[in-house]
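All chains, please: the whole structure from these sequences, using the hints.
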Amino acid sequence: MALVRTPDDRFEDLPDYPYEANFVDVGGPEMAYVDEGSGDETFLCLHGEPTWGYLYRKLVPTLAEAGRVVVPDFVGFGRSEKYDDPAEYSFRMHYDSLVNFVEALDLTDVTLVCQDWGGILGLSVAGHHPERFARLVPMNTGIPSGDQEMPEAWETFRQFVEDADELPVSLFVENATSTDIPEEVLAAYEAPFPEESYKAGARVWPDMVPRKGGGEGTEITRPAAERLSAWEKPAFVLFSDSDPITTPDRDPLRDLIPTASEQPDVWIEGGGHFLQEDAGEEIAERIVDFVERTR
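Under the working numbering, the letters of the sequence shown match residues 675 to 969, in that order.
Don't take every hint at face value.
Cβ-Cβ distance ranges computed for the label pairs, FRET-style [claimed, not checked]: (1) 900 with 864: 33 to 43 angstroms; (2) 695 with 918: 30 to 40 angstroms; (3) 802 with 702: 12 to 22 angstroms; (4) 907 with 739: 16 to 26 angstroms.
If you're looking for bench data, these hints aren't it; they were derived computationally from the structure. Glycine is no exception: its CB is placed at the ideal position from the N, C-alpha and C atoms.
What follows is the structure, given as structure tokens:
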């Protein structure tokens, strides 16, 4: 087992992401995070597979005007440390790392903004540690209990990740967005991975999703979902309308969290799986409006 960190020069001159990386020990590996803005509101923005905090660059300026914005990179991604052995990655490792991260920074009254794996883990942490969270904004995600069938598009993706000799991270992002992405932005998504060994975390994350016949972590997600079914704080479920992977999860999630029905029943029109890339500015404005009307 070895921990590696992507060389700093890989992150020089990133388009629209000039933010300094901070580091905190989360129980062995160190997680990198951006920490911008200040104020009473705290936004915790969580990415998923196979991206990193850079995905939130279009949201950070608007959110930072409304409060503090914390954008971590999960272990194995972005500027965080990475295990070179796929066996070191597990649902429990990621969950514990996120809990340790929130506790190390002593984050409280958090507005959770999460997508993809960021939602699976973030909603799990919020379910088990509700005292640290004030609001939920789950986007293109869910909290799987392990008994659901996965869409064909997801299974195709999972199988490709498992079989590919080289993992084309930027191609995944490009294919799961509806807007044209400049080459320099695609390069920023490749930046954390100078060689294939750095992609161990990205390799194993898809197969980790709790689902019928596979995955792991249901001992965490099931009780978390049960607690979220009694959630009394504000929640704004915000999905895009053009994501073949998570669209079926939207209404069940909105039905699970009681307060979600108190917020607008809206979709991000034309957005793909990575809706932060397609409509980041719109999403940030909707989140700030949500915070202002639920203070």
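So, going through the hints one by one against the coordinates:
1. 900 with 864: 33 to 43 angstroms: With a Cβ separation near 39 angstroms, residue 900 and residue 864 satisfy 33 to 43 angstroms, so the hint holds.
2. 695 with 918: 30 to 40 angstroms: 33 angstroms, holds
3. 802 with 702: 12 to 22 angstroms: 21 angstroms, holds
4. 907 with 739: 16 to 26 angstroms: Given range 16 to 26 angstroms: holds, Cβ gap about 23 angstroms.
Comparing the model with each numbered hint stated earlier shows that all of them hold.
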